[in-house]
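Knowing the structure of chain A, use the given hints to seat chain B on it.
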Amino acid sequence: MIQYILRRTLLLIPTLLVISLVTFIIIQLPPGDFLTAYMSNLRAQGESVTQDVIDGLRVRYGLDQPIYVQYFRWLWHFVQGDMGVSFLWNKPVGELIWGLVGMTVAISAAALVLQWMFAIPLGIFSAVRQYSIPDYIFTTIAFIATGIPHFLIALVLMWVIWSLTGFNVTGMFSRDFVNAPWSWAKVLDFLKHIWVAVFILGFLGAAGLMRTMRANMLDELNKPYVQTARAKGVSERRLLIKYPVRVALNPFVSTVGWSLPGLISGNIITSIVLGLPTAGPLLFDALMAQDMYLAGSFLMILSVLTVIGTFLSDILLGVLDPRIRFE
Amino acid sequence: MSPRKTTGGMPRDRALTAEMAEERIYVASQAQLMWWKFRRHRMAVASAILVIILYLVAILAEFVAPYDPNETDTKFLFVPPRAIRFWGPKGLSLRPFVYGLTVHVDDETYRTTWTEDTSVQYPIHFLVHGAPYKTWGLIKSDIHLFGLQDGRKGVFLLGTDKLGQDLLTRIVFGSRISLSIGLVGIAISLMLGISIGGVSGFYGGFVDILVQRVIEFIRSIPDIPLWMALSAALPADLPPLTRYFGITVILSFIGWTGLARVVRGSFLALREQDFVLAATLSGASEWRVIMRHMVPSFMSYLIASTTLAIPGMILGETSLSFLGLGLRPPVVSWGVMLRDAQHLRFVAQAPWLLLPGLFVVLSVLSFNFVGDGLRDAVDPYAR
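From first to last, the protein sequence lines stand for chains A and B. Mapping of the first sequence onto the numbering used here: position 133 corresponds to residue 133, and the numbering continues sequentially without gaps. Mapping of the second sequence onto the numbering used here: position 370 corresponds to residue 370, and the numbering continues sequentially without gaps.
Extracted from the complex, chain A is given alone in its bound form (with noise of 0.2 Å):
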């Protein structure tokens, strides 16, 4: 065990360096540099910039240097948490992003514990009940809501709520609440704007989850090892608990890693339809900007998390499975 977690460990160290690349790749992507776009948008505003102040800056960013040294400047700076200046809101990277973290994992969490919640019930049940009524009422909704794009299911529920109640569920607060001190009605009224998001990620993401969940059920349940126990006369809950599902978690486990990058980057396109203020539409408007360093640094985060969601889940997983470790 000890081994396998070395060699995963040891596998972290050149994924994370091929990502930081390809960030930074990434970053230098669009024509120009930085500068380019900050003086244009400094330009925009009606600001003069002589082309001293430009040289200035261009020497202090390092963007005289060639490309490998400024490769290596942003990764070293990087590694100590020092992300550069975002210009489209003139603050540091870090203070943005992390700014947001916290609503944004509080919806994702949300979520999360939701999709689980009704992902493995239902999956267990539509597989031990195979081609019953429920069973083909709720592969049939999960199949359809793998197949509908989140935010256009935000735009019509919007919609749907909006011509019904009147009621504007876009953005996390009403108006009259936005600067309002914490109160109960604030909590009531911020509930009455966020569960459109939670039930949009949660409910649809059940839906992959659920298939998944049956599909790894139903490959279990005829396997000679559930008939022997039945044979035994394990009964029949106790043995669905003890064998087929624990064996049909496996992909899970090894896909909760993935879920870490979910919970920073939320669903993006369903939050900046809603208008929530989370990390992804904080995302979108650097990527819009391109204030590549907000953006680069984003990328770079979530790729990272991801990395390491893995490496989490693949321990998990040799915990969990004894075969994967000698594989």
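Rather than coming from a laboratory, the hints here were simulated on the basis of the structure. One or more of the hints may lead you astray.
Reference listing, derived: stretches of chain B covered by chain A, where coverage requires no fewer than 3 residues with Cβ under 8 Å from a Cβ of chain A [said to hold, decoys possible]:
#1 86-95
#2 271-283
#3 313-327
#4 338-350
Residues of chain A placed beyond 10 Å of chain B at every Cβ, according to the derived structure [said to hold, decoys possible]:
#5 Ile54
#6 Leu221
#7 Val226
Which residues of chain B face chain A? A partial, calculated answer using Cβ under 10 Å [unchecked claim]:
#8 Phe217
#9 Ser220
#10 Ile224
#11 Pro239
#12 Leu354
#13 Asn368
The structure displayed is predicted, hence computed values, not measured ones. Virtual Cβ for every residue (Gly too), placed ideally from N, Cα, C.
Just chain B now, with coordinates in the frame of chain A:
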């Protein structure tokens, strides 16, 4: 559905036909068997027909659409979807018609409300002369599938948008972009997937490990942020066709990894098979072994996976264009159209602006059903 069940205890002639059916199965070719199995999947067949219709409409867009997609008309802003009627104050009419329209603009909010003027009936004709067009830049014509006579406007079956453009026309033209991007994207993904996955699976060893690492790496980056970042990096002033191609390449950038895995897995499994060994021993060249012996045996499986990958491409384009990062006006795609529905303000006034989304969902679900049916059909061990 196994024919064996029908024999025994049945009238003689039915048992005979069952036996004949069984015999038919024994001698049927692989393709024939797949077709029979696919046919049993009702939803898949219906979806396949729908997909074909959608693509036909996309190909014949100029003819099917009643108007020009980019023609604006300030006289018809936010017209709600019109009802086609057969019955009016003048009694039954065998020829469908629409009523005339009267507009009322609110003095304070400037919101337009439309009411039907039941005293005027405009009959809808088929194959009418309308806006001139050039199909695929080749055939000049001005005949449209349906419309009002004398080039009069006012059918608007799905309503109009904020510029007075006919939504149905735009959806039809949009299908050309939205549906083709799936096919072009999947073609690029397939080429990359087959060549890279093939090399990885056929040669194995170091190449395989390297390719697998690269694939794992690409898949580890969350796709929407990556798509967004890459398409944001496209220069803003690209000509539409280049931009279209750029977006397709970006979508394929992630898409190929899944197909490459399928191809690699198939190659790994087939490499050890006796018939491959036999072909190699008979002196067949590497290329011939791959193309003549290995590819055909996983082709059908690959086609099923490919079909299931198309919806992802369509959704990717829709999402990107919806955000304004993908295609941009004057190009018409479903995602570009949905951009109009981004704000509650517009949707509240004109909910029909959400209709392009319905077509996205329809085509995505159809492809999913077809892919599902194909996957079951090509699996020789499926029940």
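A quick look at each hint next to the structure:
| no. | hint | result |
| --- | --- | --- |
| 1 | 86-95 | violated (count 0) |
| 2 | 271-283 | violated (count 0) |
| 3 | 313-327 | holds (count 7) |
| 4 | 338-350 | holds (count 6) |
| 5 | Ile54 | 22 Å, holds |
| 6 | Leu221 | 14 Å, holds |
| 7 | Val226 | 19 Å, holds |
| 8 | Phe217 | 6 Å, holds |
| 9 | Ser220 | 5 Å, holds |
| 10 | Ile224 | 5 Å, holds |
| 11 | Pro239 | 16 Å, violated |
| 12 | Leu354 | 6 Å, holds |
| 13 | Asn368 | 5 Å, holds |
Checked against the numbered hints above, the structure violates hints 1, 2 and 11; every other hint is satisfied.
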